[in-house]
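> Given these sequences and hints, build the entire structure.
According to our numbering, the sequence shown holds residues 609 to 728 in order.
Note that these hints are calculated values from the structure, not bench results. Some hints here could point you the wrong way.
[Unchecked claim] Once the Cα atoms are required to be at most 16 Å apart in a straight line, the calculated EDC-like pairs of lysine to aspartate or glutamate come out as:
no.	residue 1	residue 2
1	LYS651	ASP630
2	LYS644	ASP630
3	LYS651	GLU621
4	LYS612	ASP662
[Said to hold, decoys possible] With beta-carbon atoms standing in for the labels, derived distance ranges:
no.	residue 1	residue 2	range
5	SER625	MET684	47 to 55 Å
6	ASP662	SER622	16 to 24 Å
7	MET684	VAL623	45 to 53 Å
8	ARG710	ARG679	21 to 29 Å
9	GLN663	THR694	42 to 50 Å
10	ALA618	MET676	33 to 41 Å
11	ASP719	GLN698	27 to 35 Å
12	PRO611	LYS644	29 to 37 Å
13	GLU634	SER658	31 to 39 Å
14	TRP627	GLN686	52 to 60 Å
15	PHE672	GLN646	30 to 38 Å
Since the model is a prediction, treat every value here as computed from it, not as a measurement. Every residue gets a Cβ at the ideal spot worked out from N, C-alpha and C, and that includes glycine.
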Amino acid sequence: RIPKEIQGRAGTESVLSRWLTDIPTESSQIDEAVDKVQMLVLKTYSFIRSQVCDQVELFAESFFKLPMMRRLEEDMAQIELTDDDTTTHQAHRDRLVEDINRAQESLVEIDACINRIQGF
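This is the structure we're talking about:
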């Protein structure tokens with residue numbers, strides 16, 4: 609990542625230097641010079657803004673998001689269910705197992721009906 613950034617900055621510096629040399633210095637071309645300088649300022653501002661945004665994203669990721677995720681993982685590892693919660697979850701699981709068994713029985717009946725119809 610760092611070599612790419614260094615190469616990108618070198619390319620940007622050469623582009624900026626080229627734009628600076630394109631600005632006319634003669635007094636008869638002052639209007640054109642003003643326009644080019646304004647364009648150069650806007651492009652430079654855009655470049656700086658994108659660089660800062662990239663750095664802010666990296667900063668936020670490194671110093672806020674990752675530590676917060678580590679703490680969250682630790683806190684979640686320490687969570688224990690109460691007896692009421694365990695009972696409720698077990699009852700829900702039992703109901704789901706019954707639903708699955710009923711669905712499997714229905715599937716067997718449907719398969720048998722399909723086989724009878726195809727055999728007819």
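> If a hint holds in the structure, say so; if it does not, say that too.
Evaluated hints:
Between LYS651 and ASP630 the alpha-carbon distance is near 14 Å, which keeps this suggested pair within the 16 Å criterion. About 8 Å separates the Cα atoms of LYS644 and ASP630, which keeps this hinted pair within 16 Å; it holds. Annotation: proposed proximity of LYS651 to GLU621 holds, straight-line Cα distance about 12 Å (limit 16 Å). At roughly 14 Å between alpha-carbon atoms, LYS612 and ASP662 fall within 16 Å of each other, so this suggested pair holds.
Taking 47 to 55 Å as the suggested C-beta distance range, the pair SER625 and MET684 conforms, at roughly 53 Å. Taking the beta carbon of each, ASP662 and SER622 are about 20 Å apart, inside 16 to 24 Å as hinted. For the pair MET684 and VAL623, the supplied restraint of 45 to 53 Å holds, since their beta-carbon distance comes to about 49 Å. Taking 21 to 29 Å as the suggested C-beta distance range, the pair ARG710 and ARG679 does not conform, at roughly 43 Å.
In this structure the hint that GLN663 and THR694 lie 42 to 50 Å apart at CB holds, the actual value being about 47 Å. The supplied range of 33 to 41 Å is met by ALA618 and MET676, whose beta-carbon atoms lie about 36 Å from each other. At about 32 Å, the beta-carbon gap between ASP719 and GLN698 stays in the expected band of 27 to 35 Å. In this structure, PRO611 and LYS644 meet the distance hint of 29 to 37 Å, their C-beta atoms being roughly 32 Å apart.
The hint said 31 to 39 Å for the Cβ distance between GLU634 and SER658, and at roughly 33 Å that hint holds. The hint said 52 to 60 Å for the Cβ distance between TRP627 and GLN686, and at roughly 58 Å that hint holds. For the pair PHE672 and GLN646, the supplied restraint of 30 to 38 Å holds, since their beta-carbon distance comes to about 37 Å.
In summary, the one numbered hint that this structure violates is 8.
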